[in-house]
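Protein chains in written order, with this note's numbering: chain A, 3 to 448; chain B, 44 to 333; chain C, 1467 to 1855.
No lab work stands behind these hints, which were simulated from the structure alone. Worth double-checking, as some hints may not be accurate.
Stated by the list, open to error - Derived pair list, reagent style DSSO-like, types lysine-lysine, alpha-carbon separation capped at 30 angstroms:
1) Lys-1825(C) - Lys-1772(C)
2) Lys-135(B) - Lys-210(B)
3) Lys-1825(C) - Lys-135(B)
4) Lys-242(A) - Lys-1548(C)
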Amino acid sequence: MRRQRRWRYLTVLAVLALVAAACDGGESTDTTAPGDTEAPGSTEAPEGTDAPTETTAAGEEADGDPIRIGGTLALTGFLAATGVIHQAVGEVFVDRINEQGGLLGREVEWVLLDDESLPENAAAAYERLITEDEVDLVIGPYGTGNITAAMAVAERYGYVFPHHTASLTYAYNYACHFSSWSTGLHPNITNPNLVYDAIESSGNTPETIGFVINEFPGTMFIAYGQEGTDEGGAVAEAEKRGYEVVLDITFPTAITDWAPVAAQVADADPDFLYIGGLGVNASQLITAMQAIDYTPRGMFTQWPAPGPLLDTEGADGIMSVTIFEEHPPFTDDPEAVEVAGLINEALADAGVPYTKVETQAAASWTAWEYLQQAAEGAGSLDQQAMCDWLLENGADTLFHGDIEFYPEEQNYFVDLSKVKQIQDGEWYVVYPEEYAAPDRSVVYNP
Amino acid sequence: MDLLAQGLVTGVLIGGLYALMSLGVSLSWGALKIINLAHFSFILLSAYLVYQLTVSFEVDPLLTMVVVLPLFFVVGSLMQIFFHIVNIDEFKSLIVTFGIFIILQSLMQTIWSADFRRIGSGLNSYESGSIFIGGIALPLPSMMAFIAALIIAIGMSLLLSRSYFGKAVRAVAQDEEMARAFGVDTNRVAVILSGLSAAFSALAGVFIAVGQTIFPGLAVSWFGVVFSVVILGGLGHTVGALTAGVIVGSAAGAAAVLWGPLAAPLVTFLILIAALLFRPQGLLTSRSVA
Amino acid sequence: MSSRARALLGFLVAGLLLAFIPELTEAIDLPRFYVIFLFTVFFWVAQASSWNVLTGYSGYFSFGQGAWYGIGVYTVAVLTGKHGWSFVTALPVAGLFALVAGLLLGVVVFRLRRLTGEIFALTTLAIAFVLASLARISPAIDGGTGTFMTGTPLPSFLGEFTTAMYRLTLVVMLLTVLASYLTHDSRLGWGLFSIRDDEPVAGGLGVPVFRYKMVALGINAFFAGLMGGVWALQLGFVTIDDVFNIRVPLFVILMTVLGGLGHWMGPVVGAVIIYTLSDRLNSAGLTDVNQIIIGSLLVVLALAVKEGLYVRLRDRWVTTLVTFVGVMAITTVFDITRSLISDFAISMVATVLMMLIPKGVWDRVRGRDRPDGGEGPPVGMETMAEAGK
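Chain A with its partners taken away, still in its complex shape:
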């Protein structure tokens, strides 16, 4: 039976590939730069040094065993579009810290695994990293579900857990979790009010408002508040200000047909449209509205993929929230500019179309800074010592400024979000005034 034999050989080949892969089992992906450094033991690079990504002079090597920092990211699966950003930023951070002498004089190694955007994989991977690979430190994954699952594991083993953009703030009460996403504990209240303040700073107040919300835990939380509490969210806060809510619809995360939603928005015709969306939700909706010849008089979207929106016809004037943008006054700090440049390059290498640093990349960098400063501040890798040090001293970060951790606020700080708007085909921070780009302010004319 010739046919059978052919397939047996194919099977053998396939399995041989597996054997080759299995033989690598137990090793980690290595993202370190070669061990050349400039000044061993120094923690911060002096301001204004031009630190090229490739070191030139052969300095002293960071000695001792490398410090292994374990973590996962959504490198595949439906969160991968943003996971890739965190991967690039992390690699830049690790390269840079190694060039500057490593952490506590030792080289840093990032053991990064893929959780496939699935929380159960994240949980298993962190257990593996901590108990089998025995990493020294951990850093959080991307995506609320993954962060939640990983945090539970970190808590079980007492590891300091810095993480970035977990949106369900109320759920995190591990004593040693440190969020780098500076929205404070009640983003469902502070974020919408920031947006409404920004709108009103234009001199115009919307009479009617419409809500189109993605049925995703984070966006639902911001829009409606925490289930089982009276707190409410964007919708309730709008009503408190006297805006009339003329539309309030929720759409499934995997929506395929935007036309009915666009029709409903056009029908309700609100003075302002609040899109509680992620990724390309806003782009798709705007395109669908353009197709029926409708342009809302004002728009906001929660957590968009910033690049696609710039390209979308009809998206001019849409607002969103951010922590950092690549223009003054944020770029007044030369180190911020330098690091942003490194990140731009890394993102471009990774094939990401939009390479500017904004919320995700900034939050990612800051989480790494927490870990670095905690270890250096405590002088050791002892988890409790690091945790205590951070709680007592806070962190001095490049993109977020000085951060403190309020235990009574579940280690959250205050809401540092700013409002940005697409003007003349680019994103600019427009509110609050002290952070607005030069000569830019909120444009809203209903």
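With chain A's structure known, arrange chains B and C on it following the hints.
Frame of chain A; chains B and C shown alone:
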């Protein structure tokens, strides 16, 4: 603007796109007895290729059809040859094509990353364009898909009923051995049909690239809609697929407008279940291929 | 002792041996991760075994494992997370709800005369989608917000979290495999196999076709839901996208096809092999390759390894034992990899490779014409079904 009317109209048009997406699976299943899940990744792969060709060569996206459609015709033909060599049956085809689907998805993610890809309004003039009739908007991308689906449905129907090739296909669908006994080159018929199916899927991909932002996870979100249309329309029945597409699209569209967007997927799947249970042979026919 | 009694004793012994692994790993200072690895294997063994009872035994291909699993997860999540039930009371309800849902589906679908295999398969797929949509729409179930399981306490007699998960999954897994075994070697099992081979004939010969199919579907749904309920704890944060995705339905198919449909040991073997490989590939950072390999495996297996690996392993049991133990000994003694699991993976792959040596070559080398006999239904049972295709 009448909200319900607008919802129904856009629903009907997107139903055309759904029909186009379903033709590949429907024809494979009905005529070739292969449940080909790989078609989902063909649609997406075609969309990515359209995106890449448009952006790299800065041409009108519709022009890329000249390359993409013949390419997928060849791919489809090769696939059928492969199936013939390994002697596939209906049961195994589910598993094997699922495997191919996963491989292609992974390749697409490796090449284009998981990030969102959009052609951009500079090169894509169709994206938010539409035609207005009596105050109701007909969005361009789905309208083009609808017209294409209409032409193909009618064309295939004529081909299958009037031409020699069509008769051969129907013979193979009914009883392959008998067809062979009567001198039909069943292999050639199967290969050509498979090529056509893949080309139809590729065409759907063209309109998707023109009308939407694409990313790897998109393919899985089509499963429910496509199977609803395939079953409701009747296996291998192209006019049936168009009708079913229109029904599914307009029902989902109306549901979204009346009860909110969350209701739309529920309606789609309930239609699928109803179709499976009460009319698995499809709405318009009692035979498998017509 | 009858073979049935021997088998039950075997289950008991296996259960006892496995039960104390958490304590053992602590005592000899092995990484805690091994316990987690093991209980994840238990999860997959249970899911694949329950699926096999329906699809492997009766031939009714189900794409709907995700539906029963999802019902199980969500029942526990909603009852404990939203209504404050204790986990111990919520868990059996999870199995029960899944069972009821399965039976409802069976009552509707199995009575249809025009029901073909593919229609059944697609209906099960559709059920999973419908359930996901319902969960999305209804805030009482999920409504998009997700449910936190981290606040759900476990009864203290189970120990700390990892040990508790281990014991729970062990018990449910043993029950599931026991059910699968008992079905296999019983009148019910023979009835199901005859349904798979030729349903009208089976009916004509007096097999209560409808009843048996319902039982098989019921067993499938119940255990899938029960294990899903346990797994809700492991998920930590239950969201629709994480529960109702293609992963569970896909993997159970892959594992059972690899191990062998139609024998109760098939899914066990398949689950162990697939999960171990998947885990090792992930830990080596090869996740995107992982997907391609899984896809390729699916293609190759469906075409090449018709009766499944288990039958092969059983027939060539001497080789299996020698290869596995031998390679394992070499890798552990010489400390070739840092991890016992990786050692196990390599031994496994080596053994599988030995199984892939074509029958013709093998028989000639062994100097025999036919393979060994063994337990379970006669080899003819499987080949009869093949001949019909």
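Here is what the structure says about each hint:
1. Lys-1825(C) - Lys-1772(C): Within the cut-off at roughly 12 angstroms; holds.
2. Lys-135(B) - Lys-210(B): holds (27 angstroms)
3. Lys-1825(C) - Lys-135(B): Holds: Lys-1825(C) and Lys-135(B) sit about 22 angstroms apart, inside 30 angstroms.
4. Lys-242(A) - Lys-1548(C): holds (28 angstroms)
Checked against the numbered hints listed earlier, the structure breaks none of them; every hint is satisfied.
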